[in-house]
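S.K.: This is what each chain is made of:
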Amino acid sequence: MERKRNKLEVIRDILLVIRERNGRAKPTRILYKSNLSHIMMKEYLGDLISRGLVKENKNKEGRTYAITEKGDKYLSEYGTIVNFMESFGLNEEE
Amino acid sequence: MEMLHIMPSWFLSANILFEFLFFIFAAAISYYAFSAYKLTNQRESKIFGWSFLFLAISHFALIIINSLFLSITQGGFRTLEFGDLMGIKNFMVASYVFFFILGLITITYMSLKIKSKKTYFLLIFLSIIILFCSMTLSLLIYSLASLLLLFITMYYFSEFIRTRNKNTLFVLIGFFMLLVTNLLLSIVTRYSLPSVYVLAYLTEVVGYTLIILSLINVLNYGKKKK
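Chains as they are written, first to last, in the working numbering: chain Y, 73 to 166; chain H, 152 to 377.
Think of the hints as simulated: they come from the structure by calculation, not from any bench.
It is possible that part of the hints are untrue.
[Said to hold, decoys possible] Reference listing, derived: stretches of chain H covered by chain Y, where coverage requires no fewer than 3 residues with Cβ under 8 Å from a Cβ of chain Y:
| # | segment |
| --- | --- |
| 1 | 187-194 |
| 2 | 338-349 |
| 3 | 365-372 |
[To be verified] As a list, the in silico EDC-like pairs of lysine to aspartate or glutamate whose alpha-carbon atoms are at most 16 Å apart:
| # | chain 1 | residue 1 | chain 2 | residue 2 |
| --- | --- | --- | --- | --- |
| 4 | H | LYS189 | Y | GLU128 |
| 5 | H | LYS375 | Y | ASP119 |
| 6 | H | LYS240 | Y | GLU149 |
| 7 | Y | LYS142 | Y | GLU128 |
| 8 | H | LYS240 | Y | ASP119 |
| 9 | H | LYS317 | Y | GLU141 |
Cβ coordinates follow ideal geometry from the N, Cα and C atoms, glycine included.
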């Protein structure tokens, strides 16, 4: 059985989906690729927008989500951050 | 007046240098923990950042104390005394004690993995009240620090068993050495043994070096990945 992803991993997966699509993705694409329920995806996207990792754009074709500079930094620093948290016992209680 | 430290005169310069190193190490760990928090919003990183910031402040206070306020006693020893509550010297000593214990309480609170500010403030108030009402302040500081460090060491032991991470092992041994430091300092305050004070400092150097090595390994891993 596959291990349940933690919050940091889910965020990484969402950001990777957006980055793969030239830094901009539709919610349906994120939903499909990130393997989340619709409610969970909305919660995560809201959180990412409020933290400045993702930007929401609305136009005639509908809503899209774009990765920000901070979101790119999150992805490039992800390995180091996870290693730091594991080394210093900073993981959230599961 | 109650004595907090007694050290050989020849050790003073080394002592100030070591405190400066501890200040830099603690500040570096705090800085990286806050950087991780900025990106992840993860509560544990923020608490850890604050705890090492408090420890850095305590080391900074000790640099000032050791540079300005140590009195020379007979036999070539330098002592730090904590007397009446007036004056900048006692303010600095009180700041050192406060931030040192606050830093350790904050790491302990993080390791307990509970989300209750009430519990956190209860731990702080109880410790501060006990410390500042105590008649044997010096012994109590290091005994309390030893107790907190025992909890922290046990936490990192269980983390190491869970993850088998080499860096966690460094952190575990690092905190264990800091525990030994504080046990030795408890002995120093009770039996006035300056040579044990030097030994305590050496164990603290080893402890902090291992903890900072863990951070260096993490950052090197990040560079290699890039």
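S.K.: So which of those numbered hints doesn't the model satisfy?
M.R.: Of the numbered hints, 2, 4, 5, 6, 8, 9 do not hold.
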